[in-house]
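Novice: Listed below are the residues making up each chain.
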Amino acid sequence: MNKASIRWLYQELPDLIAKGILTKEAADKIQQHYGEVKNVTKTTATLIILGILGSLLIGLGIILLLAHNWDQFSRFTRAVLSFMPLVLGQCIALWVLKNRPQSGAFKEGSATFLSLMVGASISLISQTYNISADAGTFILTWMFLIIPITYLMQASLPAAIYLIGITIWSGIYWDNPLKAVLFWPLAAIIIPHFIWTLRQEIYVLRTAVLSFIMIICISFAASFSLGKTWPGSWIIIFPSIYSIFYFLGWLKINKTTTNWQRPLRLVGAVGLFIFAFQFTFRYVWQYLGAYSYGLRDFSGISALPDHIITIAVVSTAALLFYSNIKRKHLDIALFGAVPLLAMIAYLVKEQSVVFPLLIFNVYLFILSISRIITGIRSSNLAVVNVGMLMLALLIIARFFDSDISFIMKGLAFIIVGIGFLAVNLKLARSLGGAK
Amino acid sequence: MKNRLMIRLFLCLALIQLVVPLSMIARREFVLRDGAQFKFKVAPVDSYDAFRGRYVALRIDENYVPAIKNEKIKRGQAVFVVINLDAQGFARLSEVTTGRPRRGSYIRANVSNVYNDKIYLDLPIDRYYMEEKSAPLAEKIYQRYSQRDKKDAYVVVRIKDGFVVIESLYVGGQKIEDMVKQGMKNPNRLGLRGIR
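Just so you know, the sequences run in chain order E and S. 1 is the number of the first residue of the first sequence in this note's numbering; add one for each residue after it. 1001 is the number of the first residue of the second sequence in this note's numbering; add one for each residue after it.
Worth double-checking, as some hints may not be accurate.
To be verified - Example chain E residues on the side facing chain S (calculated, C-beta under 7 Å, incomplete):
no.	residue
1	71
2	74
3	121
4	123
5	125
6	126
7	127
8	136
9	145
10	152
Unchecked claim - Calculated cross-link-like contacts (lysine to aspartate or glutamate; reagent style EDC-like; alpha-carbon spacing at most 20 Å):
no.	chain 1	residue 1	chain 2	residue 2
11	S	1175	E	12
12	S	1140	E	71
13	S	1185	E	71
14	S	1181	E	71
15	E	179	S	1086
16	S	1133	E	71
Think of the hints as simulated: they come from the structure by calculation, not from any bench. Note that the coordinates shown come from a computational prediction; the quantities given were computed from them, not determined experimentally. Positions of the beta carbon are idealized from the N, C-alpha and C atoms, including for glycine.
All chains should be built: construct the whole structure from the sequences, respecting the hints.
Specialist: Below is the structure:
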């Protein structure tokens, strides 16, 4: 049971005792069984946010001060000076670990500060010794030195900085897929921490922020590192990644309630819709190969890492899709069907470009209708509206599509319209029948 | 108990965090002390890095060597660049080898491009960090100089075992920092009026 429910139960207890439904002993036993619920007040959350923002700003400020380059100091002074911010950050972090090991605000704040100070220190040394541009080595050294902080201090901000860092790193090597693809094993280092934050319900904000950063970083890194060896493969890779986000958002460990606290589900669904919508346009399929920029002739061993990660991503998406089908979560599975359809479309596109277009138009039509029906069934107007919006976008796009002849378009619109009325009629009957 | 373990582990991490920058410094100090000195002709251009501050980007004149016959060198490949001296005593890139040269001075570098039988190199002599106001002024000074007479900017480096560390940057035979100081005091003399 999640903490919100336990809190609700505790609120009900006095009432239940008063009404004689529960005895005092039974109520005590219930409380003993579930234990105390830590109430995270708004103040705590504010403290944490302010703590993180404060240390972020101070840390960045120190980096800027050092970037001024105080060249009146001797090389020796500057070498000594390089260690000052680092040692300061370490001392603060150590003090927090010793004296405030329970405080999330202190730990996040000092961990963030230390992470930035490691960067400040390396920057100052680079400056003093005119170390060559090689941004890749600079970033990677920095990131390796800070990622243990995440685990030692249970802090998420260093993990976020690390993710951003390795994403930039893979961006530097976007034209070298053999290097860029190392993003994936590097990113895997933070998975245990991410799972830990999902399990912690202390403050949802942390999970939400980390998820958002993860989504953004993974999306960028995927475009830097994958699909370079196989033209047009992005059409399968990206929907797979977003469907994994989406399915992960539905996992049971995530017990939070609103969409903003479920970035994985939200971004996953929006991303999948955007991809499916794009795939209803002819140009995507016509110029499929041309979109894979940075494509190089890689074969044999050097293409292998790319292929392994791609297969892993696609099969994870397929597996999650299958498990949702198996558990009869058809609503969820329908959204996650995009990569599968993309695969089919990719295979049949050689025969005719019309097939992929047909697949995705029909798919989006079914998807938006299913949203509308789900919304009506659960009397959730927001869901109905989302379904209507999706449908409206699809209709507008097709109405202005210049690739299709007016006769075809006209007929299609009429058929779809009739279908719409038929569904409407059936729905009205079934709703009427329910009454 | 668990916290004590965390503190111990943290102390280990702190040590590593200190050792890495220390080794970065030590390695370069050794080269500056023991390395062979070379002068490379360069063209400095003012530039900016959010973390490390302002610097002048150094473009080495003739950053290429003739391609090796019967050996395929690819873009991005790490090679050793053998350094020679020309008649005026400036360093010149003479050839690249894939194995470490037995003697002489050489730099480890990456191949940036192979084109027209020439191997272009990404030498690790590419940035000279300066105080934020000095860097743009340094570029201006260099431009004035290169217009008036011949291009005479060069960078002095130390090289040891393929590792290179920049010592200082000279324009018109003077250290760039001294030129900048003069330029700030006396903009007219260098024809730099209105630059600051």
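Novice: Hints first: check each against the structure and report whether it holds.
Specialist: Each hint, compared with the structure:
| no. | hint | result |
| --- | --- | --- |
| 1 | 71 | 5 Å, holds |
| 2 | 74 | 13 Å, violated |
| 3 | 121 | 5 Å, holds |
| 4 | 123 | 5 Å, holds |
| 5 | 125 | 5 Å, holds |
| 6 | 126 | 5 Å, holds |
| 7 | 127 | 4 Å, holds |
| 8 | 136 | 11 Å, violated |
| 9 | 145 | 5 Å, holds |
| 10 | 152 | 5 Å, holds |
| 11 | 1175(S) x 12(E) | 80 Å, violated |
| 12 | 1140(S) x 71(E) | 19 Å, holds |
| 13 | 1185(S) x 71(E) | 17 Å, holds |
| 14 | 1181(S) x 71(E) | 12 Å, holds |
| 15 | 179(E) x 1086(S) | 38 Å, violated |
| 16 | 1133(S) x 71(E) | 11 Å, holds |
In terms of the numbered hints stated before, the structure departs from hints 2, 8, 11 and 15, listed from lowest to highest.
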